[in-house]
Amino acid sequence: MSDVQEATNQLLHVNLHENQRDTHVTESVPRSESEHLRVTIGATVPTGFEQAAADEVREKLKSSCKISKDRGKIYFDISVESLAQVHLLRSVDNLFVVVQELKDYQFKETKEKVLKDFEELAGKLPWSDPLKVWKINTSFKKKKTKRKKLNQNLSKEKIDNGRDKREERDVKKELSNNSLDSHILDYYEKPAIKEEISTLVGDVLASCKNETEESLKEDTDPEVLKFRVTCNRAGEKHCFSSNEAARDFGGAVQDHFKWKADMTNFDVEVLLNIHDNEVIVGIALTEESLHRRNITHFGPTTLRSTLAYGMLRLCSPQPSDIIVDPMCGTGAIPIEGATEWSNCFHIAGDNNPLAVNRAANNISSLLTRSQIKEGKLSWGLPIDAIQWDICNLPLRTGSVDIIVTDMPFGKRMGSKKRNWNLYPACLWEMGRICKPGTGRAALLTQDKKCFTKALSGMEHVWRKVHTVWVNIGGLHAAVYLLNRTPLAFVHPSGQDKEELLSAKND
Amino acid sequence: MKLLTHNLLSSHVRGVGPRGFPLRLQATEVRVIPVEFNPDFVARMIPKVEWAALLEAADHLRLAEVPKGPIQGYEQDETFLRKMHHVLLEVEVVEGTLQCPESGRVFPITRGIPNMLLNEEETET
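Residue numbers (full-length UniProt numbering), protein chains in the order written: chain E, 1 to 506; chain R, 1 to 125.
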């Protein structure tokens, strides 16, 4: 395996397990500090899945949520003791503690006046409780980073293992023997993509190295913290830019706390979120992880785990449900499923042998993490991987309860022309394997036009119940929630099926 | 590949239809990997299992102590549920083959992953 592939594997591994559960934080907080301390936490979630996130918060933290008008954000109150559990939420990307929420903020008319207001604001805010929370949170993160490094090293060992190298070579030989369409051949092999990934990997490895160096030397002066201000601004009527606001607000914060400003190696990230007339000041509790953000943008079509979680949740998995992803890629969705819904059985399938192998590797990496975490030796999970063709699924008719998948967009993988043939065939096969009456599917696609057309010919099989509009690395996509109608599937003769499918394409 | 998965797999060679189930299982390498026991999961799974297929597969793997069918009051019978749990989830076929009972087509299982892809000829009319 090349260095790039090795590093990509690591990244994908990290990406998929970025928000993995880390329980058993045994460090106890001095009671005087944490007693009765309640704070408001803000969380960013994939747009469109705010309700799913709110449901998860209610379920796991017993707390009700406010869904912000600023899309993709939810807010909820917790007592500080629950902070560890907040980090276990599967539907949130990033967390921050709210310093103050200023609804109906009155922006003055000129830029100078507005910026002056921001400067004055810095000194008037109730920083002390949020900073306490930040401090407690930082101690969690130190443990998480150590464990992450341990696992990265472990997975590196697995990859270095000569056996894996041989496997990849064998698989490649198989590929050249099979008459596989060049479009679906390994995405990673395309030179342009390889280069993108190697640059990305270079950056990440460099920053990982910095992290290690940083954690090696203890804080020379624990009192002088380093900070930065990140400003997100949305709205038509603002006469200032986010950079200007960040700069001036940051200046005042620096004067107030005597902290040192550092845009890259910071301890405290102050958030200034401005959405029309709403201003929220917060302190970040998670890092906007570079590799996760860039993996969804540059990387091959790996879905971020919060989106996978949201899609699965949309289907309301019940105990013992059979959940299948027939185009699983590296297995993001089934892996999220097996972790969070371990009382269901998950199957990951793909036609690309490299994808299936990576999915299987990711699954066994999960096994390794469980090992460490709970001291259980080689425990397995209710998940299997299969190599198959979505248009000819080797599954019994009506045997599957839930189908969740990320359908080819036709931009990064496959093509729009192919989708015209692929989508009807997919919906057909998925309709066949899905249990009539109770079965359901959550399908993500950017090719909404093609999907809608394909669906319109299948009303006797699939009924659309809900659409969630999502944003995937800048692309406007949709998750369609479909219910399988009670109509039982009748096996047509081969010819009938061909005719039916080609009729739909006209 | 677990036996629960085998229970769901069916041959999709052209023209075979529902006669492609169950696939005949042969294994050259099998592993037992413990999985967390969830009695509720197993109990709900029992009605969904195709027993004849499961027994045939278990037989080919020469597994001992496989219940022949659901027993009276199985939902509360922990011994029964644990045996089923073991058979369905903990036995992994690492290397082997799956054979279509109708067409004879053989699908390989490599490193625990069945390869169910068909050639062009096998899928065309």
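If you are wondering where the hints come from, they were derived from the structure by calculation, not from laboratory data. Treat each hint with caution, since some may be false.
To be verified - Pairwise CB distance ranges (calculated):
(1) R:37 <-> E:37: 52 to 60 Å
(2) R:28 <-> E:453: 21 to 29 Å
(3) R:122 <-> E:138: 57 to 65 Å
(4) R:120 <-> E:491: 20 to 28 Å
(5) R:122 <-> E:66: 55 to 63 Å
(6) R:106 <-> E:456: 36 to 44 Å
(7) E:138 <-> R:73: 48 to 56 Å
(8) E:37 <-> R:51: 26 to 34 Å
(9) E:135 <-> R:28: 53 to 61 Å
(10) E:125 <-> R:31: 37 to 45 Å
To be verified - Partial chain E-side listing against chain R, Cβ under 8 Å, derived:
(11) 351
(12) 381
(13) 385
(14) 474
(15) 478
Treat the numbers as computed from the prediction; the structure is a model and nothing was measured. In this text, a Cβ means the ideal position worked out from N, Cα and C, and glycines have one as well.
Numbers of unmet hints, in rising order: 1, 2, 8, 10, 14, 15
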